[in-house]
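Visitor: The residues making up each chain are set out below.
There are 2 protein chains.
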Amino acid sequence: MKIHMAVPKHKNQSANIKTLSVIETEINNINRIALSVDCVIFGFDENKLKVLLIRSDLKKFQGLWSLLGDLVAPDEELDSAANRILKERTGLDDVYLEQVKTFGALNRHPAGRVISVVYYSLINIQHHKLKILDNELHWHDVNDITELAFDHKQILDSSYEQLQRRVQEHPLAFSLLPKKFSLRELQNVYEAILDTKMDRRNFRKKFFAMDFLVDIEQMEQDVPHRPGKLYNFNYNKYEKKKKKWVGIDF
Amino acid sequence: MKIHMAVPKHKNQSANIKTLSVIETEINNINRIALSVDCVIFGFDENKLKVLLIRSDLKKFQGLWSLLGDLVAPDEELDSAANRILKERTGLDDVYLEQVKTFGALNRHPAGRVISVVYYSLINIQHHKLKILDNELHWHDVNDITELAFDHKQILDSSYEQLQRRVQEHPLAFSLLPKKFSLRELQNVYEAILDTKMDRRNFRKKFFAMDFLVDIEQMEQDVPHRPGKLYNFNYNKYEKKKKKWVGIDF
DNA sequence: CGCATAATGTGTTTATTTTACACATTAAAC
DNA sequence: GTTTAATGTGTAAAATAAACACATTATGCG
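So the sequence lines, in the order shown, correspond to chains S and C. Numbered according to the working numbering, the first sequence spans residues 3 to 252. Numbered according to the working numbering, the second sequence spans residues 3 to 252.
In case anyone wonders, no lab produced these hints; they're calculated from the structure. Idealized CB from N, CA, C, for every residue including glycine. Just so you know, not all the hints are guaranteed correct.
[Claimed, not checked] Under 7 angstroms between C-beta atoms, here's a sample of chain S residues computed to sit facing chain C:
(1) I35
(2) L80
(3) L135
[Claimed, not checked] Which residues of chain S face chain C? A partial, calculated answer using Cβ under 8 angstroms:
(4) H129
(5) L132
(6) Q170
(7) P173
(8) F210
(9) M212
Please model the complete structure; the sequences and the hints are all you need to start from.
Guide: If you want it as structure tokens, here you go:
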């Protein structure tokens with residue numbers, strides 16, 4: 003159970019139905035609300051879940067880190083804006099990107115009313131070295147972050163929770179890995195995201211039973227121990243078989 | 003796996019960091035984006051899941067039904083706006099209210115760029131007769147709805163999916179019932195929301211095992227059959243015991 | 001070259017959860 | 001008082017999840 007909110011005193015008129023022209027007027031003259039998109043870009047490296055941050059350039063938040071965001075152009079789709087920000091910062095496209103929710107507290111931005119639609123994304127750090135390092139752009143351990151500019155800590159927490167929920171029902175984790183990966187690497191990703199340890203044998207059993215892993219008959223190279231087998235994830239097979247779960251499980 | 007979007011050609015400048023004053027200027031002069039909140043208000047009656055709709059008053063959508071929404075005032079919190087709309091339309095406060103996501107397609111509103119933050123809510127129809135019936139406000143069977151004004155069908159679908167997911171992990175269903183309810187009524191709510199049939203014995207076993215139901219030692223009155231026992235839901239106990247699930251389950 | 005090291009790869013048993021399923025009981029309706 | 005229709009209850013089978021140990025293989029080092 004999440005939200006039981008009191009009703010604001012703020013307004014309590016009876017339902018007033020607006021005509022199109024009234025709405026047009028309000029849009030053009032009355033409302034002064036800016037729209038931005040913030041991206042929570044998760045990565046995975048050294049067996050840890052990372053998030054991409056820049057140094058905030060606002061005096062008010064001097065020294066603090068912040069998420070990647072930008073205002074949305076009036077003729078720009080929300081998803082496009084998220085993709086644009088990701089592309090501008092990382093050079094990446096064609097990655098998993100999902101809306102989390104929208105943050106709109108009155109005082110969240112010092113410049114005025116800015117509401118922010120938040121997206122998260124997962125990218126493979128190894129395969130996409132950052133090319134633009136403005137504002138000290140770099141990866142931070144998710145679990146080391148205690149404070150961020152704006153309400154970005156809250157945004158990060160929400161996004162991380164959503165990631166944790168989603169990764170348990172959808173094969174997101176593969177976005178963080180190279181196309182070929184070992185089972186140990188896969189398990190490391192899950193352990194990092196869910197912040198837990200799993201039994202290796204049960205983990206393998208579970209994934210093999212799902213039958214989405216393709217044994218590509220190759221072994222790891224240049225690892226300082228016995229090499230493991232490498233696998234691909236078969237997205238087509240997953241799409242065909244993904245389950246619809248109906249149950250009650252508080 | 004949900005979204006694999008191509009990057010828009012639209013913009014591709016390198017990351018340009020904005021100063022506060024540039025942002026202020028953009029907010030005040032450039033962006034012309036209006037913000038609204040739409041509420042998907044679910045109810046339950048005659049063993050069916052219902053949603054509250056009004057007749058659209060826009061020519062473009064003549065005859066179509068639409069969700070309850072309104073523009074957000076510049077000095078109004080998003081949650082407050084959702085609560086206000088609910089209160090204006092139903093007279094209700096202190097109900098479960100949750101943000102779903104934000105819809106912002108360029109062409110979604112004929113009056114211009116309006117992005118809409120969507121909330122859903124669950125209310126007990128029996129205990130809150132509608133007082134304001136402007137625009138033919140009334141309850142519709144969720145499963146009978148095929149077309150709505152704007153992108154409201156898509157919004158309804160998203161909200162319904164979120165409701166279905168959430169109700170399986172949180173005790174939302176009780177918002178749709180009176181404080182005292184029978185197990186059959188509870189099961190009817192779940193069957194309506196999840197659009198499925200469940201085994202009565204297993205359902206009872208499951209809920210009693212959770213140990214959140216309080217037997218209030220009363221029986222149903224005025225039912226045309228053997229009366230069932232009545233129960234309360236113990237929210238305090240739930241809050242203390244609610245589980246954190248870690249697993250993988252595609 | 002061989003030995004120590006460290007990670008891979010594999011099965012079985014037990015416990016828990018879920019599903020399937022049938023009959024006696026109670027109050028209302030006639 | 002007989003019929004009706006829903007409540008209330010238990011058990012067995014199946015599926016899923018959890019716990020757990022040892023042999024194998026390549027590397028690294030002496």
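Visitor: For each hint, tell me whether it holds in the structure or not.
Guide: Do the hints match the structure? See the list:
1. The beta carbon of I35(S) comes within 5 angstroms of a beta carbon in chain C, closer than 7 angstroms, and the hint placing it at the interface holds.
2. The closest approach between the C-beta of L80(S) and any C-beta of chain C is roughly 4 angstroms, which is under the 7 angstroms cut-off, so the hint is satisfied.
3. About 9 angstroms separates the beta-carbon of L135(S) from the nearest beta-carbon of chain C, more than 7 angstroms, and the hint is not met.
4. Given the 8 angstroms rule on beta carbons, the hint for H129(S) is violated: about 16 angstroms separates it from the nearest Cβ of chain C.
5. Because the closest C-beta pair between L132(S) and chain C is about 11 angstroms apart, greater than 8 angstroms, the hint is violated.
6. Of the supplied interface hints, the one on Q170(S) holds, with its beta-carbon coming within about 6 angstroms of a beta-carbon of chain C, less than 8 angstroms.
7. Nearest Cβ of chain C to the Cβ of P173(S): about 6 angstroms, under the 8 angstroms cut. The hint holds.
8. Here the hint on F210(S) is broken, as its CB sits about 13 angstroms from the closest CB of chain C, past 8 angstroms.
9. Proximity of M212(S) to chain C holds as hinted, the smallest CB-CB distance being about 6 angstroms (cut-off 8 angstroms).
Checked against the numbered hints above, the structure breaks hints 3, 4, 5 and 8 and satisfies the rest.
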